[in-house]
Amino acid sequence: MRSGHQGETKEPFEAVVQAQGATVLRVCRAVLGLHDADDAWSETFLAALQAYPALAPEANLEAWLVTIAHRKCIDHLRARGRRAVPVDQPPEQVSLLGIPGDRQAELLDAVGKLPPKQRQVVAFHYLAGFPYSDIAALVGGTPEAARRAGADGVKSLRALLAPASAMARSSVKVDMP
Amino acid sequence: MTSEPVDETPESLPDDAQVASLLEPLDVGIELALASLQARLARDAQLMHTLDIAYRVVDSPLGSLLLAATDRGIMRVAFERENHQDVLQGLADSVSPRILHAPARLDAAARELDEYFSGTRRQFDLTLDLRLSRGFRLSVLRHLPKIAYGHTESYAQVAQAAGSPNAVRAVGTACATNPLPVIVPCHRVVKSDGSYGGYLGGTEAKHTLLALEAAA
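Chains as they are written, first to last, in this note's numbering: chain A, 1 to 177; chain B, 1001 to 1216.
Bear in mind the hints are in silico, worked out from the structure with no lab data behind them. It should be emphasised that the depicted structure is a prediction, and the values quoted were computed from it without experimental measurement. A couple of the hints might just be wrong.
As the list claims (entries may be wrong) - Pairs of lysine to aspartate or glutamate residues, derived as EDC-like cross-links and limited to a Cα-Cα distance of at most 16 Å, are as follows:
1) A/Lys-155 to B/Asp-1016
2) A/Lys-155 to B/Asp-1125
3) B/Lys-1146 to B/Glu-1115
Said to hold, decoys possible - Computed far set for chain A versus chain B, every beta-carbon distance over 12 Å:
4) Arg-29
5) Leu-77
6) Ala-79
7) Arg-80
8) Arg-82
9) Asp-102
10) Ala-145
Note that beta-carbon positions come from the ideal geometry of N, C-alpha and C, so glycine has one too.
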């Protein structure tokens, strides 16, 4: 779609939303959980719309948007940190859960138990397809550290989801080694 | 069929496809969520004044019509045969790429067009953004709404009214490039011999509009 136009011309922003909206929402959901993900998505695309005319026409739109989403997600994670001090109302932990008992809730619960950096690396690498060198530039540290964080994150996810996966597996045919 | 790959040791790098299926539940409800987020984006962008062009598509007896508006007013009406995607790309190139599907800004235009096509409205009460036209073409467009509903003028008469009696051909060009067909009634300009003349929505569309106005 992007390659259809060249030089100075830029697609209508609506086409960008259609093409990239789902990836950005997946990344935000993985990093923040369901509720805050909606806010981060909105903030990401509003900021992107604002900056869009100044973006270089040959820029990689997905990388640009995921980078903005990363910053918006960090704002939310920091806000949660601030909310952790004792206040009248309990912290809004429900935001990490979907409908109780479903696979999505279990996954979001498991992802929420990972350290934020592992969550970010897993989201950027496996949902947005970023190479580890780009992820390192985004979250800090070396590409090798990012690779390790990603592998550790996936390993923890598998362990946390193991009982659920075992149940799911009982209904499908698999070859056990 | 290929056999199952041998399991990797737990310490090796995770397989992309396996992780993708592990993360798949993230997609539950994503279509609905995106639809409501897109509506929210359109509203927020409007409030923040970052939405340069809002558009929507409406059904009409002439086929689907693309309507586009800036915050100054309606700027473009496009027929299906113009290819709506091409028209939006043209607006992105010539005006601004900050374009979103945002129906609310075009509620009044959609309602008035509905009334016009059902024969209950004889003139449009909409603010127009005529920035896509300039010079003599703009003079022609400014004259066209003065041709009364159900009436027609020849290209020569319009040339005269727009201040250049010899510019009959240029009137034809101005009508053919009218960015706001139907609303700015270039369909009311016909040939001196009484035949329809061309129309960017097709001769049949021009016929339909003139017949509608004659019957009302």
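Outcome of the hint check:
| no. | hint | result |
| --- | --- | --- |
| 1 | A/Lys-155 to B/Asp-1016 | 13 Å, holds |
| 2 | A/Lys-155 to B/Asp-1125 | 64 Å, violated |
| 3 | B/Lys-1146 to B/Glu-1115 | 19 Å, violated |
| 4 | Arg-29 | 5 Å, violated |
| 5 | Leu-77 | 18 Å, holds |
| 6 | Ala-79 | 19 Å, holds |
| 7 | Arg-80 | 19 Å, holds |
| 8 | Arg-82 | 24 Å, holds |
| 9 | Asp-102 | 7 Å, violated |
| 10 | Ala-145 | 14 Å, holds |
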